[in-house]
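There are 2 protein chains.
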Amino acid sequence: MSVTQASIFTKRTIQSMKFQTVLLILATITSQVGYSQTNDSIFIRKLYSEALTKGECYQNLRYLCTQIGGRLSGSPQAEQAVTYTYNLMKNNGFDTVYLQQVMVPHWVRGEKETAWVTKGKEQKRMRVCALGNSVGTGPNGIEAPVVEVRNFDELAKLGRTYISGKIVFFNRPMNPEYIQTGRAYGEAGNQRGQGPIEAAKYGAIGVIVRSLTLANDTNPHTGMTNYVDSIPKIPACAISTVDADELSMLLKLKSAGSVTFYFRQTCQQYPDVLSYNVIGELKGTMNPEEIIVVGGHLDSWDNGQGAHDDGAGVVQSIEALRLLQKSGYKPKRTIRCVLFMNEENGVRGGIEYATLAKTQKHLAAIESDAGGFTPRGFGVSDTSACLALQQFVPLLKPYDIDYIKQGGGGTDIGPLRKHGCVLIGYIPDSQRYFDYHHTAIDTFDKINKRELELGAAAISSLAYIISEYGIK
Amino acid sequence: MSVTQASIFTKRTIQSMKFQTVLLILATITSQVGYSQTNDSIFIRKLYSEALTKGECYQNLRYLCTQIGGRLSGSPQAEQAVTYTYNLMKNNGFDTVYLQQVMVPHWVRGEKETAWVTKGKEQKRMRVCALGNSVGTGPNGIEAPVVEVRNFDELAKLGRTYISGKIVFFNRPMNPEYIQTGRAYGEAGNQRGQGPIEAAKYGAIGVIVRSLTLANDTNPHTGMTNYVDSIPKIPACAISTVDADELSMLLKLKSAGSVTFYFRQTCQQYPDVLSYNVIGELKGTMNPEEIIVVGGHLDSWDNGQGAHDDGAGVVQSIEALRLLQKSGYKPKRTIRCVLFMNEENGVRGGIEYATLAKTQKHLAAIESDAGGFTPRGFGVSDTSACLALQQFVPLLKPYDIDYIKQGGGGTDIGPLRKHGCVLIGYIPDSQRYFDYHHTAIDTFDKINKRELELGAAAISSLAYIISEYGIK
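Protein chains in written order, with my numbering: chain R, -5 to 466; chain Y, -5 to 466.
Accuracy of the hints is not assured; some may be wrong.
One copy or two, either will do: identical chains are not told apart, so a pair holds if it fits within one copy or between any two.
As the list claims (entries may be wrong) - Under the rule of at most 35 Å between Cα atoms (straight-line distance), these lysine-lysine pairs were calculated in the DSBU-like manner:
1. Lys160 to Lys84
2. Lys440 to Lys391
3. Lys40 to Lys84
4. Lys277 to Lys48
5. Lys248 to Lys115
6. Lys440 to Lys40
7. Lys48 to Lys151
8. Lys40 to Lys391
Don't read these hints as lab results, they were simulated from the structure.
All chains, please: the whole structure from these sequences, using the hints.
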């Protein structure tokens, strides 16, 4: 792009903006838009200016990622993150900053996992990591022939006789044809979440799951798996997509020698430990009893730094309140920042927090847990709330927030729904999220400063709008 | 993000999509939308599926970046890029693949630039690179006191007596408050483009320009500067933003010793050389005489690999045609891929190509020259054309193309406008573009495969729409 071109672009953009302003004024005159276009526009511009010129979320995330690092529930790092963010809120002068107690699972990965595949005389290392919540293999690891399947139907067809004593390899890729990567993740996810249960039903002794990513890479992607007490708990690991493809190829080769897979992991579940949600707010001045939550989750997987998942959401939530405060806003309703503990392997923080909604009126909750990427829009859980909020889209369009659409929420805020709270998911661009998700490369350097800041300002703006106008 | 959450998201998205489909059908019935919603939707879905599952643009870009590399006009790499892309079009079986001759400037950077700042007894290395088109400093470099200014007005106020014999340091940062980074680039750009002319008017002997980026980094960002024959041509370099801030700080310190700046660059302008635009097309079957161009520029700066600028546009333009071809499309109008030579330092390819428009009817030209980032929309040069194309936005919304808006084009296609051609700029997300632009880190690894592919499919879809319906 040349400067001349950029200048032309600029002029056209300004012309176009003027045109849009005229349209907006016309719209305001001709329809009954229930808000003050001018004042709200000016205030939202202030929020963005503060975020982009004096923003603090990027430096906060740097500390959270590089000085504390991965912070799985129950770990010393999780506790450090609690203290760090509590102090951030205190130092910002938020109201009623406190820690809400919550008992969390305490799963520990243990030694670095090892794995290899053997075919005839050939042996090759495979890049794996234990799935969260998995049992270990015992100190000597396990080795067995491999059965590759794509789904639970294939597993059922093969049956107990074939599966028993083997390691089941779930190798259904995420569908690259979907535009929203979250949709592909959702559809592939039962392999990881339910794979060990389903495989153990047929007597499998272990499970390998293709990493849930659209990238062709060598990083194993961890994530939560589940057991039920009635079925044997068998160890489960994730394998990188590159290695999954290689393993699959080896299984298809007709040449001499059967394929066996060895893996060893020493992960272990310990008794629950005490941890905390971190909470602070800007108290409402007119309707303080009506609460708007903005939040993300403080815990992260242990293998990376939890930068996109969900350090970004944590620092954006704090920043959303700080921007409002620095811009001199006295909120009508209470705007509360909630940093949830234990989203990754239990959602205990979200469940515990929701108990407050029995006695406190929660109007809306906005969660940022889809990465620190460039903002696209918001998703709203309810049709009527969505329609009510859509009238404010013109206020956000100048900031490249293109839509408020139906469908959305967040894992941590989910339990609030039954108390009548409107759930809102912040939607950043989704293309790169699963490149980093749950891996060793979900690190601070993968965050773009401006993309992170624009997200914080977008969330702050929506909290402001709801504080001013409610949802109606 | 958890799998459960992603599944909820999925269900809601599907519900929402169904709702949107109903709305679209209603819209089709109640208004006079002049296109076939169903057939066009199905065909565009084919384009995206091909791009996302069997796309070739990412591997083509890998070759262009890592096997050929930076390809400034007149360089051996530029010629290799001509041959490579010509063969790609030939091998794809495009119609009328040929090279259009164009004489291009031949500027060569020479030895790696060196620079340091001296204040009293202290000396520190500074990271600089020559601006494109700059003269050299001579083999011994130049050293002089530094005058920092923000703009040409400040320069004028200081005047010849103060400036003469010194090195002028243009240090106006790009404005981080703008949401579109291209706007900030446009506004800061005259320092680089016209700085040496303006400084030389007052007797300066050299120019340092703050790199045009919003990042706080150590990479000098090169780019074109200009001279006029009536004013002495003085050497000009770009300095990294980190070093610009340090230099500025040193200049403000009151402590002992004046600040002098030394730099040495051996860059040189050689006589023009013969090069080529690379052209191939899918011939129209009903109105072959009406041409729709899709293009990007083949040349890049020499210091990096020209991945985002504009390798992305090159491979997306080829891919746009390939997707149409593989999807079995027989275009009504001619869809032509044009890879322009010499956008960076002369636009000779764009100017030469436009001569064809005297005799060939150019309906529209789409340029991709804003990076290989996730698609946001398109910008259109003319109001009526923009309104005509906006009726097709519902076809593109499912692919996260949120708008077609007024204002846009591209440097290479600019000269076509006077021949009545509608100019269309492909608009990807702009946040990260100037992190890499014109630097050593504009390399293949900065490209996300899906973001690149989605862009190619978006361009292909718009070319399809215009081929089917014209612009009316």
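Against the structure, the hints come out as follows:
Within a single copy, Lys160 and Lys84 get their C-alpha atoms no closer than 54 Å, and across copies no closer than 51 Å, so neither meets the 35 Å cut-off. Taking CA atoms no more than 35 Å apart as the test, Lys440 paired with Lys391 passes in both settings, with 26 Å inside one copy and 28 Å between copies. In this homomeric assembly, Lys40 and Lys84 come within 35 Å of each other (Cα to Cα) only inside a single copy, at 23 Å, whereas the closest approach across copies is 54 Å. Taking the shortest Cα distances, Lys277 and Lys48 sit within 35 Å of each other inside one copy (23 Å), while across copies they are farther apart (54 Å).
For a Cα distance limit of 35 Å, the shortest separation of Lys248 from Lys115 inside one copy, 15 Å, qualifies, whereas the shortest one across copies, 74 Å, does not. Taking CA atoms no more than 35 Å apart as the test, Lys440 paired with Lys40 passes in both settings, with 27 Å inside one copy and 32 Å between copies. Within a single copy, Lys48 and Lys151 get their C-alpha atoms only as close as 60 Å, which misses the 35 Å cut-off; across copies the closest is 31 Å, which meets it. Taking identical chains as interchangeable, the C-alpha atoms of Lys40 and Lys391 lie at most 35 Å apart whether they share a chain (15 Å) or sit on different chains (30 Å).
In summary, the one numbered hint that this structure violates is 1.
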